Structure formats: C-alpha cells, structure tokens
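2 protein chains.
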Amino acid sequence: MDGRGKTAATVTLAEVAAAAGVGESTVSRVLRNHGSFSAKTRDRVMEAVNRLGYVPNMIAGTLASAGSRLVGIVVPSFSNIVFADVLRGASQALEGSGHQAVIGVSDYDPAREEALIASMLSWRPAAILLAGLEHTDRARAMLTGGGARVAEMLDIDGPGLDLVVGFATAETGRASARHLLARGYRRIGYVGHDLTRDTRAAKRLAGFEAALGDAGLVLADRDVAPVPSSVEVGRDGLDRLLARSPDLDAVYFSNDDMAVGGYFLCLSRGIAIPDRLALFGYNGLDVARLTPQPIATIRTPRVRIGELAAQLALSGAPAQTVDVGFEVIAGATA
Amino acid sequence: MDGRGKTAATVTLAEVAAAAGVGESTVSRVLRNHGSFSAKTRDRVMEAVNRLGYVPNMIAGTLASAGSRLVGIVVPSFSNIVFADVLRGASQALEGSGHQAVIGVSDYDPAREEALIASMLSWRPAAILLAGLEHTDRARAMLTGGGARVAEMLDIDGPGLDLVVGFATAETGRASARHLLARGYRRIGYVGHDLTRDTRAAKRLAGFEAALGDAGLVLADRDVAPVPSSVEVGRDGLDRLLARSPDLDAVYFSNDDMAVGGYFLCLSRGIAIPDRLALFGYNGLDVARLTPQPIATIRTPRVRIGELAAQLALSGAPAQTVDVGFEVIAGATA
DNA sequence: AATTCATTTGGCAGCGCTGCCAAAAGGTCA
DNA sequence: TGACCTTTTGGCAGCGCTGCCAAATGAATT
Numbered sequence: 001m002d003g004r005g006k007t008a009a010t011v012t013l014a015e016v017a018a019a020a021g022v023g024e025s026t027v028s029r030v031l032r033n034h035g036s037f038s039a040k041t042r043d044r045v046m047e048a049v050n051r052l053g054y055v056p057n058m059i060a061g062t063l064a065s066a067g068s069r070l071v072g073i074v075v076p077s078f079s080n081i082v083f084a085d086v087l088r089g090a091s092q093a094l095e096g097s098g099h100q101a102v103i104g105v106s107d108y109d110p111a112r113e114e115a116l117i118a119s120m121l122s123w124r125p126a127a128i129l130l131a132g133l134e135h136t137d138r139a140r141a142m143l144t145g146g147g148a149r150v151a152e153m154l155d156i157d158g159p160g161l162d163l164v165v166g167f168a169t170a171e172t173g174r175a176s177a178r179h180l181l182a183r184g185y186r187r188i189g190y191v192g193h194d195l196t197r198d199t200r201a202a203k204r205l206a207g208f209e210a211a212l213g214d215a216g217l218v219l220a221d222r223d224v225a226p227v228p229s230s231v232e233v234g235r236d237g238l239d240r241l242l243a244r245s246p247d248l249d250a251v252y253f254s255n256d257d258m259a260v261g262g263y264f265l266c267l268s269r270g271i272a273i274p275d276r277l278a279l280f281g282y283n284g285l286d287v288a289r290l291t292p293q294p295i296a297t298i299r300t301p302r303v304r305i306g307e308l309a310a311q312l313a314l315s316g317a318p319a320q321t322v323d324v325g326f327e328v329i330a331g332a333t334a
Numbered sequence: 001m002d003g004r005g006k007t008a009a010t011v012t013l014a015e016v017a018a019a020a021g022v023g024e025s026t027v028s029r030v031l032r033n034h035g036s037f038s039a040k041t042r043d044r045v046m047e048a049v050n051r052l053g054y055v056p057n058m059i060a061g062t063l064a065s066a067g068s069r070l071v072g073i074v075v076p077s078f079s080n081i082v083f084a085d086v087l088r089g090a091s092q093a094l095e096g097s098g099h100q101a102v103i104g105v106s107d108y109d110p111a112r113e114e115a116l117i118a119s120m121l122s123w124r125p126a127a128i129l130l131a132g133l134e135h136t137d138r139a140r141a142m143l144t145g146g147g148a149r150v151a152e153m154l155d156i157d158g159p160g161l162d163l164v165v166g167f168a169t170a171e172t173g174r175a176s177a178r179h180l181l182a183r184g185y186r187r188i189g190y191v192g193h194d195l196t197r198d199t200r201a202a203k204r205l206a207g208f209e210a211a212l213g214d215a216g217l218v219l220a221d222r223d224v225a226p227v228p229s230s231v232e233v234g235r236d237g238l239d240r241l242l243a244r245s246p247d248l249d250a251v252y253f254s255n256d257d258m259a260v261g262g263y264f265l266c267l268s269r270g271i272a273i274p275d276r277l278a279l280f281g282y283n284g285l286d287v288a289r290l291t292p293q294p295i296a297t298i299r300t301p302r303v304r305i306g307e308l309a310a311q312l313a314l315s316g317a318p319a320q321t322v323d324v325g326f327e328v329i330a331g332a333t334a
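Line order of the protein sequences matches chains P and L.
Under this note's numbering, the first residue of the first sequence is numbered 1, with each subsequent residue one higher.
Under this note's numbering, the first residue of the second sequence is numbered 1, with each subsequent residue one higher.
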C-alpha cells in the first residue's frame, strides 16, 4: 500500500487462459459472450476468472478493437439543474448500452470547452455530447474530423454539426412574452444574469423582445447582472429593477432560479402576485412549482434530451435535428 | 458520413514522424515535452502535427505506459446539489492535473455502485472517488486490489478503505438537536425521505435522536416517505406530520430540499415560524438561505471535499481520514 | 468406415504508443 | 587532430487485448 497507482500484480487474460487450460481467444470469447464455445469451457473459464479476480483491461481491448465505449459529455456547469437533468438522461441511456460517460465542465467558457473536447477526443470516444450550438471554430473542426458522433443538446436554433436534440430556444422567449401579453400585462421588465456566457439565455431574451415588438411594445426596463444565475441574483436584480421602475406590471426572468429569488423578494415586501406584479421564469424547476403560488414558467424535457441525444448518437442514426418541444406552465404568478 | 464511429482516416504518430522526417520516439518526446530534443526538431514536429491535424491516442499511450489519467467518480445522484458540488470540486482539481473524470450514477443502489466500480476499474483509473463509506463486500474487495487510489467522500463515521474526506455525519444530527434543545423546543418531529437508500440521512437521524435521548427526550413523531428527497415530499410529509401531531413545536428535516417544502407549507397555511413551529434542515442549500426567513441548517464544505479528495488521491498522499468539519447556520426558522 | 459439414478452439499479428537502449551528432579540450 | 563527454535521435520490443484464420473436434450422413 505505497499509494502509487502501480497495479501491484494485475491478472491478465493470458494468465486466466493458462489457469483455465484454454487459449487466450477462448477466454476473450467467453468474457464477451461473442462467438461460440461449449458450456464446459465457459465454466472452466469463469471459474478461473473468479478465482484469480481477473478484471478485463478495457484500455487494451479498445486499442485492439478500435472503437471505444466511452462517451464524452461537456456541460457548462454541474450546479445548474438543467445540465444535471441532461446528464441524468444521458447516463441512463449510456448505462443500458454498456458505455461510460467521461464528463467535463466548461464553466460556460468556449475556450475551456474546446480544450475539453480536444482531450476527450484523445480517448477516441464513440460520441461527444455538448450543450448548445455555439463552439469555437477549432472545436468545430476537431469534431467534424469524423472520429466520433456529435450531439448538440438543448438548442436547435441554428445549424448543427451532426445530431441536434433540443427545442427552439428563441421561441420559448416569444411564448413567454405572448403569455404575458395575453394576460394584459404591458409594462414588462427583465431580470437576467450573465448573457455573454449563457448564450441560450440571450436567445430567449431576443425572442421575448421580438414578440413584444410584434405587439408594438418594448421592454420597459431590464437588470442584467454579469454573474451566473442564482436565487440571490434574481432577488437583488428585481430589487434594483423595481427601485428604478416601480410601475412595472410584469417581470420576465432569465430562469427559474432567478424567478424564485424575485418571488421571495415579493413575499418579503408584501408585493401582491400577480395583481401588483406578475412573474415569469424559465425551466420548470422543482422548487418553482411548489412555492405557495407556482411560478409561471416554461418546461422543457431535459432528461429526455440527454437520453435521446445519447441514444441517437450511439445508434448510428443519420445526422438530424430533433425538436422535443416545450410547454408553457401557467402557474399562479402570471 | 455514415454515422458509424469508424474514424475515417486517423493520423498516427508514425505518420507524423514520417511527415516531419524524424523518428517516432522523437515525436513522442516533443509531444509530451519529455526527454531532450532540439528547438529545430520541435518546430518540424509541431508543424507536421498541425498540418496533419494529429490527435494523440490516449488509449494507446496509456496501454504502453501503464497508468491512466482517468479518475472514476461514482455518485448516488446528479440532481442532488450535494453531489453536484462535490463533482464540481473534484473536476476543478482534476482539470489542473490533466486528468479526466469518468462519472457514474449509482442511484443510491449499492449493487449499481458495485457494477460501476467494476466497469471503471477496467479502465485502469488512477483513482476512484466514492460517496460515503457503505459499499458491498465485493466492491470493497475490488477496490483494495491496489490498482487505484480510493477516496470516500462526505462521511467519516467509520473505517475507510484508503482516503476518507468528509465530516462526522451523525454529529451533524446531534448538533441540530442540540441547537433546537438550546432554543427551548421540546416536542420535536422529523420529516424524512428514503432512509434505507440514503444511509447518511439515516446516520444524521440516529445522531439527532441520540442527542434528544441525552436530554431525556424522544422524537415526538416522524414521517418518513420511501422516496428520494424533494421539496414536494418535504411539504407533504410535514402536512401529514402536523395532521397527526398538531402540537409539535419543531421539526427536523432530512435535508434542505425537504425543509424548503415544509417552509412553503407553513407559508401557505399561515403557520408562524418559528413561534408556532420551528424548522431545521440540512445542507446549506442556496435556496434555503434566501427564503424570506433563512432556514436553520447545517452547512458542509462540499466543493472543498470533492477538491481535496481528488487532490489527495492524485498526490500519492498516505491513507488517511480528513475531517473538514461542518457549521450550524442559525437562520431564522429555529 | 469414409465423407461432409458445423462447431469449437488456439495461434498470432497487429492496434498506436512509450520506454529502453544503442547509435549518431555535436562540443570541448589537450 | 583525436579522445572524451554530452545531447539528440531512431529502432524496436512490448503493453493486453481482439480479429482473423486455420486446425481440431464432433455430429450427421452415405
């Protein structure tokens, strides 16, 4: 137990073969349940495997057979429930097919994403799953090299590299605006977080503003904090926004974390929801549906997106874009 | 573009060597910046690498050099912020040292954890990071095989296999009880989730009850739902608990998700907090600190735990248990 | 018993890279 | 100029496994 990863006495296939008194290829066939062998042989081999505590070496197996059972996944963050759900869906799908997820976090940084993609490709993964359609040119070039299938998840507003699984991001913003407009709200503000990093949040806002424009309106005011989204940032953003524009009758938040923060501010201040102020979020977050008044939001099938992306990427499906849709949840705050 | 992961025309080290007019080992040395070579040679090699778009094959490299730069991480869930934070910490640490995280989700199932460990070991990882100290015997046996360093995270209440990084789980329960007792609460209930799967939640409850016992008290009532924790389960659990035992003056929740659900129930019902009912959670969850009244809870350094576990496992540190401690956050609900 | 065919098995050449060693090239000094 | 030392370089044998092919075995048929 010296602490170094020296693999003291690793048992190899050849040793198992010798112990079982069969050839190496026979052991390999039995272990992979591939090709034919007699029941007697199988028992002999399995006995030796268990007795010696043999653990197959995927590194060698992959090298020999060309084509790994690894799948690279790059997400912007672990903390955002959106990506946690996507990862969950993807893991589920991978589990079934005997693949392993190699996961990296880009922290919403395209350069980090590029670096992660490069290092993942060096493991010759069967597929790479990414969030969104925005990548550096070099990342694109590496991915189109042809080695691995590529699935871009969550956003379908634009051309993809291979597989694209998601929903129309800008359209979610438009739908949110239409919902508020249909309920008669006219003096609408926006509370958001770092839009330069979170390009999908920026697309939602663009769609939202476009729909307001169609109705002859503009965003009355906005507060955008250059930091990641959180309950706190939503609360403080709404606080600032209302200080500047007390006459707003509705606020669109960049996501449900932010909206929950706004909701808490209203609770603390005794601001009547939705009569005095309507709130609209984005994500269908668990906690936002269970506040005393469920928060109006957009629900997207995130787990399904991860699952479908993984399935398609591993099934050899042709390059395509799959729109899984989204749903407006009316809630009680708008 | 037939969709199969065939790696159309993969460039190999040998091809780069030929293109640069040098030997294979020279290319290898330059690429790994290891051993000596002249500046002129380096430029020639790098030019060829870029021109051909060479991507090193880690599979082959690892096989040849014995010892991979993969680190296996098995967590019970992606959705629970605790593990998201631990993963974030671990990823950060791995990033710096040029390692890749291979992540699996056990869904709180020891058998699945065992299967994941087995399949990760077949990638000959440098280390394996796990949540908690509870594992199947076979999992333990595989892990002590010596191939990879092992770090068990979050819980230090018991013997570990190698490295253990966390805090005294039962003691968090005791501290929670002492806090409530010090504030004068005596009729205390518990609202929890699936304790057979979440063994750490069970340990917290055991500690909590032990501290009550020290004060000559017992848990007045409890509601335990056999499902994963969520805001909704906490809300409904408190609802049931209060229907049965309306005279409780405080409730301990299995975690902050659950406590937030309870808090929302109180808001809806107009139950005065903490005068009529005190609430105590566990986790130091973002949203629980931002409710109009911050929820009393225990904060643990989760990101730090992931980071430290990864660092120690990769640094060749001797087997040891590191207690990173925890903190009682008084909040406004107890 | 001889022939044919299907099933089961073993041998061995790589997969692409690294580590080791020996050889070549370059520098220094007498 | 030649001996000696240092730096740089190339060759090649594996790492542990899989895929291919040929050989051995067994069953069925004439």
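No wet-lab data here; the hints were simulated from the structure.
Incorrect hints may have been included.
Covered by chain P, according to a simulated footprint, are these stretches of chain L (three or more residues, beta-carbon under 8 Å) [unchecked claim]:
#1 62–76
#2 216–226
What follows is a set of in silico ranges between Cβ atoms, one per label pair, in the way DEER data are often shown [unchecked claim]:
#3 A66/L - A111/P: 26 to 34 Å
#4 R138/L - A18/P: 22 to 30 Å
#5 D109/L - A317/P: 27 to 35 Å
#6 G158/P - A64/L: 36 to 44 Å
#7 R276/P - S97/L: 35 to 43 Å
#8 V218/L - Q92/P: 35 to 43 Å
#9 S25/P - A319/L: 24 to 32 Å
#10 R42/L - G158/P: 37 to 45 Å
#11 H34/L - A14/P: 56 to 64 Å
#12 R32/L - A111/P: 20 to 28 Å
#13 G67/L - E15/P: 32 to 40 Å
#14 D275/L - Q92/P: 40 to 48 Å
#15 T136/P - R183/L: 50 to 58 Å
Predicted model only: the values in this text are computed from it and were never measured.
Glycine is no exception: its CB is placed at the ideal position from the N, C-alpha and C atoms.
Evaluation of the provided hints:
1. 62–76: holds (count 6)
2. 216–226: n = 0 at 8 Å, threshold three: violated.
3. A66/L - A111/P: 26 to 34 Å: The hinted range 26 to 34 Å holds for A66/L and A111/P, with Cβ atoms some 32 Å apart.
4. R138/L - A18/P: 22 to 30 Å: Holds, since R138/L and A18/P (Cβ atoms, about 25 Å apart) stay within the stated range.
5. D109/L - A317/P: 27 to 35 Å: 30 Å, holds
6. G158/P - A64/L: 36 to 44 Å: Given about 41 Å between the Cβ atoms, the range holds.
7. R276/P - S97/L: 35 to 43 Å: Roughly 53 Å apart at Cβ, these two residues miss the hinted range, so it is violated.
8. V218/L - Q92/P: 35 to 43 Å: At 41 Å between Cβs, range holds.
9. S25/P - A319/L: 24 to 32 Å: 40 Å, violated
10. R42/L - G158/P: 37 to 45 Å: 39 Å, holds
11. H34/L - A14/P: 56 to 64 Å: 30 Å, violated
12. R32/L - A111/P: 20 to 28 Å: Because 22 Å falls inside the window, the suggested range holds.
13. G67/L - E15/P: 32 to 40 Å: 20 Å, violated
14. D275/L - Q92/P: 40 to 48 Å: Holds: the Cβ-Cβ distance is about 45 Å, inside 40 to 48 Å.
15. T136/P - R183/L: 50 to 58 Å: The hinted range 50 to 58 Å holds for T136/P and R183/L, with Cβ atoms some 55 Å apart.
In this structure, the earlier hints numbered 2, 7, 9, 11 and 13 are contradicted, and the remaining ones agree with it.
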